[in-house]
Amino acid sequence: MNTKEDLLQKMATAVLEMEEDDVLELCAEYVAHGYDALEATTDGLAIGMNKAGDLYESGEYYIPELLLCSDAMYQGIDYLRPHIPQKSNDEKKYTAVVGVVEGDTHDIGKNLFKIMLETVGFEVYDLGRDVPTDHFLEKAKEVRADLIGLSTLMTTTMQNMSIVIEKLVAQQMREDVVVMVGGGPISAEFARKIGADGYAPDAGTAANAAKELVLEKHSH
Amino acid sequence: MGRIFKDQMTPMERAAALANCKDVDRLPCNPNVANGVSRVYGCKVSDFNRSARTLADAQIASYRRFGYDSVRIFTDLFPWAEAMGATLTLPEDSTADLLEPALKTKEDILNYQKIPVINPYKDGRLPIYLEAMKYLVDEIGSEVGCTAALVGPFTNACFLVGVEKILRMCLREPEVVHHLCQISLESLIAYADAAIDIGLGPTISEPMSSCTVISPAIFKTFSEPYLKQLVHHIQKRGKGVVMHICGKTAPIWNDIADMGIAGFSIDNVASILDCKHTIGHKTKILGNVDPATTMYMGTPNAVKLETLQCIKDGYDSPKGFVPMSGCSLPIETPFANIDAMLDTVAELGYPVDPQKLDSMIEDAKQLCAKE
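Going down the list, the protein sequences come from chains A and B.
The first sequence lines up with residues -18 to 201 when you count with my numbering.
The second sequence lines up with residues 2 to 372 when you count with my numbering.
Keep in mind that the hints were calculated from the coordinates and are not lab data.
Be aware that a few hints might be false.
As the list claims (entries may be wrong) - Okay, the calculated bits of chain B under chain A, using three or more residues with CB under 8 Å as the criterion: (1) 52 to 66; (2) 168 to 182; (3) 211 to 225; (4) 293 to 300.
For glycine and all other residues, C-beta sits at the position ideal for the given N, C-alpha and C.
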């Protein structure tokens, strides 16, 4: 018989190995035992996704593998969701607003960033692709975002990232929020030049950096 | 303002002299001005979707303004997918983008075999490009090499069904991916033939084959077989092919060079030095000044420094080296930065004198440090 620890470990492995059906079976068995469903996402599924991110960084996994891992993870999360009790404690979850800047509809990098942010515990509001600069500010204000993540794959639309930052400054919101930029043409130097807080070369590293930056901001 | 160091030869004269080991004024150089030609000519980017004359005139105006060594009919990555049923956003004054792939629903995907091979003389914007090519050949074809941009079959297949979907399909439904690559190959061959008939040599951009996106194993299974056929077809028609792949490419350099391409253009995240050591004896290397941070956002001195550093890494590559940007330039790249790249190459001259190169690098470093 599988113990709780066995199940959590197997869930992580099933996510890492892109086995959606296994994930669902394991989740069913886990729920049938009456174990804490929230733990299954954070200590099971998300662990697998994190490992997938590590394999991506080390060059063993590529984007197709990451997409299938995340499919498996979300299948599990969807199954577990009804079994997760409404939050009893008021533990603060950090919020992020992400989107692809206006003029660009390539959202693969943004989607991966979103997945990895959720994996490290953010609540993520996804504005989608081709997002006008003002929408980032409006949404960030509405949800009191801790983080704004701006993505682009095209050199032609990079300037829209600096426009978002300028508008945050103009509306005196810049101090309240961590801004991360990412995407194919973006470099650490570009991020520094336009006054972003952070940049990382891939989604997994970026999500960990995001968490650190947000924690750092709140420790002040 | 404009170029400071004037060229002594036309690009054609330079290429011929280099090929015959005769004296030349400078290395060939290609800053890779894409839709930025609209800024030189004074038109909207979307004019290129409608008027072959404007597309050709803008290309000619930009070539005359900067004096670079290759002119290319390229507006975006999507005209072939568009001709096969994908829909695009065509913004008034920026680069076209994929709105929806040709196969949208599950049912579409089940009927994937219905996607037609294109007719380059009829479908989408392709006839406009072919007409523009004729103007280029007639008007500047005797002084500068004119090329027709193509994407590779795998990249085109991505736009037929959507990038994320096809990446999943590579692992889950390989036969669909193979079919989409095959019809993409046939379509791209039809277009390449039309361009070659006009007198242009094709170039191939294959961004989705980057190791930043797919593994070398997926590249070898789904991209390479079709890409190789496209290259070989073009070679059989008597034309060399320069290929560009964005992002990381080192793990597939040998596979690409072994296709027998005339040149490989690398992204700024790849290393010219490593590329030279790996495939420099097999093919010419082109690259790789950062198009965003340096060309678009940097100063002319920063452009000068990075161009010189690229040359230092690449100039002694056995099959030749061409200073180039690591990818197409952003539309609003300052003219002064494009001039700076070409002026740097002209000031250095040819054959490259390593001492002069080092002293120019030192000077550029000092100028950059003061900025």
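Going through the hints against the structure:
1. 52 to 66: Check failed, 0 qualifying residues.
2. 168 to 182: Answer holds; 5 residues pass the 8 Å Cβ test.
3. 211 to 225: holds (count 6)
4. 293 to 300: Since three or more residues must qualify, the claim that chain A covers the stretch 293 to 300 of chain B holds, with 4 doing so at under 8 Å.
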